[in-house]
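**Q** Sequence:
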Amino acid sequence: MRKKLESADQFLKTYNQVRALHKEISALSSKKPDDGINLFKLRFINQILTEANAVLKKEYIPIKGFQIFEEENLPTNSDVVLILSQYLACFSRQENDEDSFL
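Going from the sequence shown to the numbering used here is simple: count from 1 and add 1.
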């Protein structure tokens, strides 16, 4: 039971972090969609995506073959919003599937 609670807590923590990132980067994207994300932000985004990939069950990972953004090819604001939107949709799907959530 305790492991299920810890798993649910980690799920909700990461889900909320992805939602917050999506909100912040969406604001940037609405002003300058084609501007590149700076390396500091990208490393933070990649850290959250790594956690999201660990929390989401395999069948809920949104994009096959995608793990994190490459630091050598900085994505644009709109690229990041697109990917975060996909992660949010998959978090919602997993959360709504009670058997998979806990």
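Please keep in mind that the hints were generated in silico from the structure rather than gathered at the bench. Please read all numbers here as calculations on a predicted model, not as lab measurements. We put the CB at the ideal spot given by N, CA and C, even for glycine. Treat the hints with caution; some may be incorrect.
[Said to hold, decoys possible] The list that follows gives simulated cross-link-like pairs (lysine-lysine, DSS-like), each with its CA atoms no further than 27 Å apart:
#: 1; residue 1: Lys5; residue 2: Lys59
#: 2; residue 1: Lys58; residue 2: Lys32
#: 3; residue 1: Lys42; residue 2: Lys14
#: 4; residue 1: Lys42; residue 2: Lys5
#: 5; residue 1: Lys65; residue 2: Lys14
#: 6; residue 1: Lys24; residue 2: Lys65
#: 7; residue 1: Lys24; residue 2: Lys59
#: 8; residue 1: Lys14; residue 2: Lys24
#: 9; residue 1: Lys14; residue 2: Lys59
#: 10; residue 1: Lys59; residue 2: Lys32
#: 11; residue 1: Lys33; residue 2: Lys59
#: 12; residue 1: Lys32; residue 2: Lys42
#: 13; residue 1: Lys14; residue 2: Lys58
#: 14; residue 1: Lys42; residue 2: Lys65
[Claimed, not checked] Across the chosen pairs, the derived CB separations fall in these ranges:
#: 15; residue 1: Phe67; residue 2: Asp98; range: 18 to 28 Å
#: 16; residue 1: Glu7; residue 2: Asn39; range: 13 to 23 Å
#: 17; residue 1: Leu75; residue 2: Asp98; range: 33 to 43 Å
#: 18; residue 1: Asn97; residue 2: Glu72; range: 19 to 29 Å
#: 19; residue 1: Lys59; residue 2: Asp35; range: 25 to 35 Å
#: 20; residue 1: Leu40; residue 2: Asn97; range: 13 to 23 Å
#: 21; residue 1: Ala9; residue 2: Asp35; range: 37 to 47 Å
#: 22; residue 1: Asn39; residue 2: Lys5; range: 35 to 45 Å
#: 23; residue 1: Asp36; residue 2: Lys5; range: 21 to 31 Å
#: 24; residue 1: Asp98; residue 2: Gly37; range: 28 to 38 Å
**Q** Against this structure, judge whether each hint is valid.
**A** Taking the hints in turn, this is what the structure says about them:
1. Straight-line distance between C-alpha atoms of Lys5 and Lys59 comes to about 17 Å, which keeps the hinted pair within the 27 Å bound.
2. Only pairs whose Cα atoms come within 27 Å are accepted, and Lys58 paired with Lys32 is rejected, the gap being roughly 34 Å.
3. With a C-alpha separation of about 19 Å, the suggested pairing of Lys42 with Lys14 holds against the 27 Å cut-off.
4. Pair hint Lys42 plus Lys5 does not hold up; C-alpha atoms about 31 Å apart against a cutoff of 27 Å.
5. At roughly 23 Å between alpha-carbon atoms, Lys65 and Lys14 fall within 27 Å of each other, so this suggested pair holds.
6. The suggested pairing of Lys24 with Lys65 holds, with an alpha-carbon distance near 24 Å, which does not exceed 27 Å.
7. About 25 Å separates the Cα atoms of Lys24 and Lys59, which keeps this hinted pair within 27 Å; it holds.
8. Among the hinted pairs, Lys14 with Lys24 is consistent with the structure: their alpha-carbon atoms are about 15 Å apart, no more than 27 Å.
9. Between the alpha carbons of Lys14 and Lys59 the distance comes to roughly 19 Å, so the proposed pair stays at or under 27 Å and holds.
10. Proximity of Lys59 to Lys32 is assessed by CA-CA distance (about 34 Å); at most 27 Å being required, the pair is judged violated.
11. A hinted pair counts as satisfied when its Cα atoms are at most 27 Å apart, and Lys33 with Lys59 does not qualify at roughly 33 Å.
12. Restraint check for Lys32 and Lys42: satisfied, since their Cα atoms lie roughly 17 Å apart, inside the 27 Å limit.
13. Restraint check: the Cα-Cα separation between Lys14 and Lys58 comes to about 15 Å, which is no more than 27 Å; the hinted pair holds.
14. Restraint check for Lys42 and Lys65: satisfied, since their Cα atoms lie roughly 23 Å apart, inside the 27 Å limit.
15. Taken as a hint, the range 18 to 28 Å holds for the pair Phe67 and Asp98, whose Cβ atoms sit roughly 21 Å apart.
16. Judged by the Cβ atoms, the range 13 to 23 Å given for Glu7 and Asn39 is violated: they are separated by roughly 34 Å.
17. Between Leu75 and Asp98 the C-beta distance comes to about 35 Å, which sits within the given range of 33 to 43 Å.
18. Between Asn97 and Glu72 the beta carbon distance is about 34 Å. The supplied range of 19 to 29 Å is therefore violated.
19. For the hinted restraint 25 to 35 Å between Lys59 and Asp35, the CB-CB distance of approximately 33 Å keeps it satisfied.
20. At roughly 35 Å, the beta carbons of Leu40 and Asn97 sit outside the given window of 13 to 23 Å.
21. Separated by about 38 Å at the C-beta atoms, Ala9 and Asp35 satisfy the suggested range of 37 to 47 Å.
22. A hinted range of 35 to 45 Å for the beta carbons of Asn39 and Lys5 is consistent with their spacing of about 38 Å.
23. The hint said 21 to 31 Å for the Cβ distance between Asp36 and Lys5, and at roughly 42 Å that hint is violated.
24. Range check, Asp98 to Gly37: Cβ separation about 36 Å, and the 28 to 38 Å hint holds.
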